[in-house]
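Protein chains in written order, with this note's numbering: chain E, 51 to 424; chain L, 51 to 424; chain W, 16 to 433; chain P, 16 to 433.
No lab work stands behind these hints, which were simulated from the structure alone. Ideal Cβ positions, reconstructed from N, Cα and C, are used throughout, including at glycine. Check before you lean on any hint, since a few could be wrong.
What the hints assert, rightly or not - Distance windows between CB atoms, simulated:
no.	chain 1	residue 1	chain 2	residue 2	range
1	W	ASP368	E	ASN193	55 to 65 Å
2	W	ASP422	P	ARG423	23 to 33 Å
3	L	ALA232	P	ASN375	27 to 37 Å
Said to hold, decoys possible - If you want the footprint, here are the derived chain L segments under chain P, 3+ residues with CB under 8 Å:
no.	stretch
4	178-191
5	295-308
6	363-373
7	401-408
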Amino acid sequence: MQFDFSSEQKELQTSVRRFFTDNSPNSAARGVLESTAGHDESLWKKVGEQGFLAAAIPEAQGGVGAGYLELCVVAQEAGRALAALPTVSSIYQAAEFLMAVGTPEQQAKWLPRLASGEAIGTVAVTEAAGPLNPKAITTRVTNQRLTGTKLPVADGSAADFAIVAAKDEHSGISLFIAELAADGVERTPVETVDPSRKHARLDFDGAVVEPLGAPGEGLALIERIRDRAAVLTAFEQIGGAQAALDMARDYALQRFAFGRQIGSFQAIKHMLADMYVSLELARSNAYYGAWALSVDSDRLPAAAASARVAATQAYQLCAANNIQVHGGMGFTWEFDCHLHYRRSNYLALALGGPSHWEERLIESVRVNPALKAA
Amino acid sequence: MQFDFSSEQKELQTSVRRFFTDNSPNSAARGVLESTAGHDESLWKKVGEQGFLAAAIPEAQGGVGAGYLELCVVAQEAGRALAALPTVSSIYQAAEFLMAVGTPEQQAKWLPRLASGEAIGTVAVTEAAGPLNPKAITTRVTNQRLTGTKLPVADGSAADFAIVAAKDEHSGISLFIAELAADGVERTPVETVDPSRKHARLDFDGAVVEPLGAPGEGLALIERIRDRAAVLTAFEQIGGAQAALDMARDYALQRFAFGRQIGSFQAIKHMLADMYVSLELARSNAYYGAWALSVDSDRLPAAAASARVAATQAYQLCAANNIQVHGGMGFTWEFDCHLHYRRSNYLALALGGPSHWEERLIESVRVNPALKAA
Amino acid sequence: MNFDDTPEEAAFRSKARDWISANAPRELHAGLSKLGFGQSDAGVGDPMQAAKQWQKKKQEGGWAALRWPREYGGAGASAIEQVIWQSEEGAYAKLGGAFTIGLGMCGPTLMTWGTEEDKRKRLPKLASGEEIWCQLFSEPIAGSDLAGIRTRAAPEGDEWVVNGQKIWTSGAKESDWGLLIARTDTGVAKHRGLTMFFLDMKSPGVEVRPIKQMNGDAHFNEVYFTDVRIPDAQRLGAVGQGWTVALTTLMNERMSIGGSMPTGFDELLNYAEEIETEHGRAINDPRVRSRLASYAVKATGLQYSAYRSISALSRGEEPGPENSIGKLVAGSMLQDVSRFALDLQGEYGLIIDEKLSPDNARFQRMLMRSPATRIEGGSDEILRNIIAERVLGLPADIRVDKDVAFDRIPTAASAGGR
Amino acid sequence: MNFDDTPEEAAFRSKARDWISANAPRELHAGLSKLGFGQSDAGVGDPMQAAKQWQKKKQEGGWAALRWPREYGGAGASAIEQVIWQSEEGAYAKLGGAFTIGLGMCGPTLMTWGTEEDKRKRLPKLASGEEIWCQLFSEPIAGSDLAGIRTRAAPEGDEWVVNGQKIWTSGAKESDWGLLIARTDTGVAKHRGLTMFFLDMKSPGVEVRPIKQMNGDAHFNEVYFTDVRIPDAQRLGAVGQGWTVALTTLMNERMSIGGSMPTGFDELLNYAEEIETEHGRAINDPRVRSRLASYAVKATGLQYSAYRSISALSRGEEPGPENSIGKLVAGSMLQDVSRFALDLQGEYGLIIDEKLSPDNARFQRMLMRSPATRIEGGSDEILRNIIAERVLGLPADIRVDKDVAFDRIPTAASAGGR
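Using the sequences and the hints, build the whole thing.
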């Protein structure tokens, strides 16, 4: 048993962290947030060149083939750096769908370009508020033509294609690949709680699509891929939580009130201790998720849900309390606290909200009690 | 609008408090807890003589007829004093059932003796773990003879009669009065989390009973009376919570560590502040419940549930944190902290647990949105 | 214990209701009603103009500054009458945000510490909405530690010359007058070297810069003072007595009675009736019900606590530090409620757009506004300290800045610029 | 990252499993398995005898004190081997409670600070269960503030004469030896006047009085010292170095690796499969599921954090203060879980009777035992301070008792006996 990243993976982490420190200071995320840019294009290009995105994509398909543990390392640093990149949509989801059920042609067409960052893929599932179920999907495909509206679609304006969940001709939910520059697709930016990762509304009016994976299996596939994405997203979340905790700690050391560092007051000390505890619980759950993902364990659903639930709690707590420690300054646009607050709330909902994952956790633990604590 | 007790009621409170201080120090509750005594008999006698118990029982039936606000005042002080008395069973419930649906004969037979404390009544509903519903009741009455087992029954060993919920001959749930000294009744003490208010197991084997209230209305009646009892119990709970908070505060002032009063550490200060906040929220909800009870408002179900939920939270928090403030001493048998811890957990479950009341609160608020906050 | 109106109260209520129905800007009601916590656009056109119109009308009708004496532009009403008025005014009260600081804090401070002439000249214009006031207390270096302010006021003839910077000043841009606390002596202990003034916000040397908040709004400002001159006649209280005067202001902040803090409970309850979860209608989902119940008792607990305060007030008692619980409870609850509501919406909850988001983006706006509630007007930590010390009688924190001359108190700079 | 055994680990596991299956007291397994947190009667007859038998057998088989060197009675095994052993030992480990303090804290302290002779004489008997040790640290006046102890040790020839009182001493009645920290100088700062000893618990002048706990058990004791004589040879570390020695003991407390704290999660999950709520089977009730999920991530988070510690340990890193999270999280969770389980039982949950209560009164016993968890071995408040200061690098609390001679530190008595 070795429950930690290897020394090679830790070296990778050091170099990825250095890369993001150099190339993605918070000001870069802020730049995207304050502009209409969909993401940080120059960073995306560099990240692609480094091969970071391609860690889990096989060499045969243009990737690096290093593995999921390496991709977790990258995700954690991207989260820490607040990187304004389409990671969740293009890498943690679109590439995974293609690897899981894409035809050789689909894989050959897209995977190398996703791996290099040349192309961006996304997933278009949601149409309305509430849980994801067949009733919630009204978008429809007839004769390979898609009609309906999806929102919010992460990176919907920048993406080259979207994997769309729609009703097929037998009224099952199936997946389709829609190229977004094609006719019959209209994209409109949609404002979300975290504009450093832009979203769009996609209106399809007879756009040509091709099927992805087995017909009628759409929701099951989404669930399967979301488990994988949940682990990777959890690493973005713990990276972000760590950054928010570090910010808060540094400020508590720096800021004086009543003639003392505010970090010398137990109210602040214990708040920070609770943030740390929450983060460590999340980190340990995420490690387990990383292991389950890396070996394709049958414990992945439970491990992914645990990683997701704990990471969401930790990042939301750390980001909110970071504002609290900063006092009034924490609530200004000028300070970076809100970047983490926004990101924490975006990531909390990106793959379905906390309550969805709580449900999935309990369902999975019942099926596979191996996850139960000793 | 006058949202407070009147000055007469406050004077009553002062004298009731003085009475309990003189006659029911914590050592009295401890005495009952450590013995096989069912309750504090000498205190019960004195309380009866003072007419405290009879506050809400009409003069015509041997009571004082003062009103429910006065009974709330008494309940709060009884809770504060940890009084080892059958208040919840005999006064808040048995007397209420009789006043609500007793025949004139039943009322005449029992109410004056309940009012004076000469007789004790109780309620025997529960038979098993879990929610209260028709399935949970297997006790049965045939030809006015009761067969089955009830536990835990508060004050079951000391009570003269029990109001028993049982299946009637049409398989509806009805209420019956069973005299407990009669043939066919066996009583066995049952250990509970708070032995300062003893419970028993009652085995009925063909005991003679008489019906109380309309047949088939048992569960509805129980619900109706429990709403009333919930308000009164909430006052016992906030009285207890106040006492636990006071104990903790006093200890925090008295105990030194690191050369300072432990009450000068923010960790302790803020814990006590949170206890206070919880108590004030409970107190205000209880006041509203008292008003609704006193005027028989249609808002009583919602008000009672709110009072109950908030008071349970407050007493459980204050009692547990009182132990925490006391450190190791708080966990000894010798210190009184556990008396409140026990009582808080007993009262939390006495009329059905917190989740039951949460359910009832939301159901009632939906029916009567007047309770909704402004 | 009585929740119903007495006959006198009922008469007052009906009078208020009639007057409102005859005079209120009914066309604005719908927009104001749906305006949630953290939302600023009620679609009322120029909000300041609408606010001033409503305030002036109220004053003419005898409904402004209800509890102030008539000679200062008020209505001489009782605490309970004010509560009745507020419940009748309802959503229209949201028009009056610009006057909250002036009516709630500056006016009462002037009432206690100002000269008769000041009071007769300034208070009626405050009551009528003609003049707007702001409160110049916090500084970048002195938030929770308010007595640590550094803005200097130096005497020069019968004037004071002020230099320094204030922050978190609501409505500074629109204000005519400001209530200013400044340091007049750095050689004595921090609480002893302060003095209170009021000043014309149009004085030369006053510069106001809005602060953009994380939610995009800009309700707060920085205010810079460069050689600003204030006549000594505009001093409130003695030189060096500023802290005592400030306590009056802060006590009156707590005294802003009546409508308790918004908590988000009603909005969540209503929303739960409308939407579906994985277990059917949200209101029928036991998980949602349980959360709603624990929110419910907080919301009603705060509301009834406010009623208890009013009852105490109407018996002539002063509102005490126990009123600190309102914001303490509501602040974190708002944050919690908004997160919970977004969770119910799933991925769609990300959208923050009045036209697309469920319920007019109410919960998204609440999410982005609520972190400030736990900070502004006394952080959670300060409020817990107030309860612990002033309600429960626990010892003060150990103070390293007490009985030390202000200019010798440790600061970030003196600690080596960390 | 690998959760599976390496071939060497698998071989070790299978060896351990075989040995246990051939040697463990199988007849006790059922009783030990159902023994919950806060329950003491496993139905094993004389628990001390059963404990000593099992420990002796383990030592003979080479499975006791696994990580200790062989020359001191241990097995020279690795951290991961110890974890594997613990997972295989399973419920039988519950037999060994009496040795926890000795093996986990006193032994390692002796290992670091004792003479070679001490170690060869005492440690093997500790490892074999022949001798039981207790730890004499806390005092009535000094709990969280451990360095505030007042038990005096005065030198007399080559002996020390000890007077004073200790408290919260687990197993003092059964112990042969005790690890004692005493004050040898009251005129210097509090941390500097302490010295560590070990002593024969049968020495004249040692009196042990059990403390009855709120749950009726009596695991803890008071220990009184009246002119107890300890040879100077039984001093550990230099005179005045006691605090440093104590830190070794406390660090080893954290080092007690492997099985993480009980949290109550598994028990609650199993129970939720069995019972009904108002919404059907508890496990299908969304409210219960949501609570279970938030407990689940704490339980697994603690378990995997323990694995991370073990991995760090097996790389040769010392376990640090981050291990404080275990008890901090588990303590309040146990209290919460037990209350929640009782709530599910309704009024019936009041009953605390192994024969009547659901699941063997497991949750009732947990309710009555769990408040102690948040206090013993470092209160929640101390643990948060440790994390804040030693993990996050925040400043220490302001200390009024530092750099002050011990006998001049303020106490309740000096403050006027409040």
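Results for each hint:
One distance hint, 55 to 65 Å for the beta-carbon pair ASP368 of chain W and ASN193 of chain E, is violated here, with the actual separation near 33 Å. Between ASP422 of chain W and ARG423 of chain P the C-beta distance comes to about 31 Å, which sits within the given range of 23 to 33 Å. At roughly 34 Å, the beta carbons of ALA232 of chain L and ASN375 of chain P sit within the given window of 27 to 37 Å. Coverage of the stretch 178-191 of chain L by chain P holds in this model, with 6 residues showing a Cβ closer than 8 Å to a Cβ of that chain against a need of three.
Restraint check on the stretch 295-308 of chain L versus chain P: 6 residues with Cβ-Cβ distances below 8 Å, three needed, restraint holds. Interface restraint, the stretch 363-373 of chain L with chain P: holds (3 residues with C-beta to C-beta distance below 8 Å; minimum three). With 6 residues bearing a CB less than 8 Å from a CB of chain P, the stretch 401-408 of chain L meets the requirement of three and the coverage assertion stands.
Consistency with the previously given hints fails for number 1 only.
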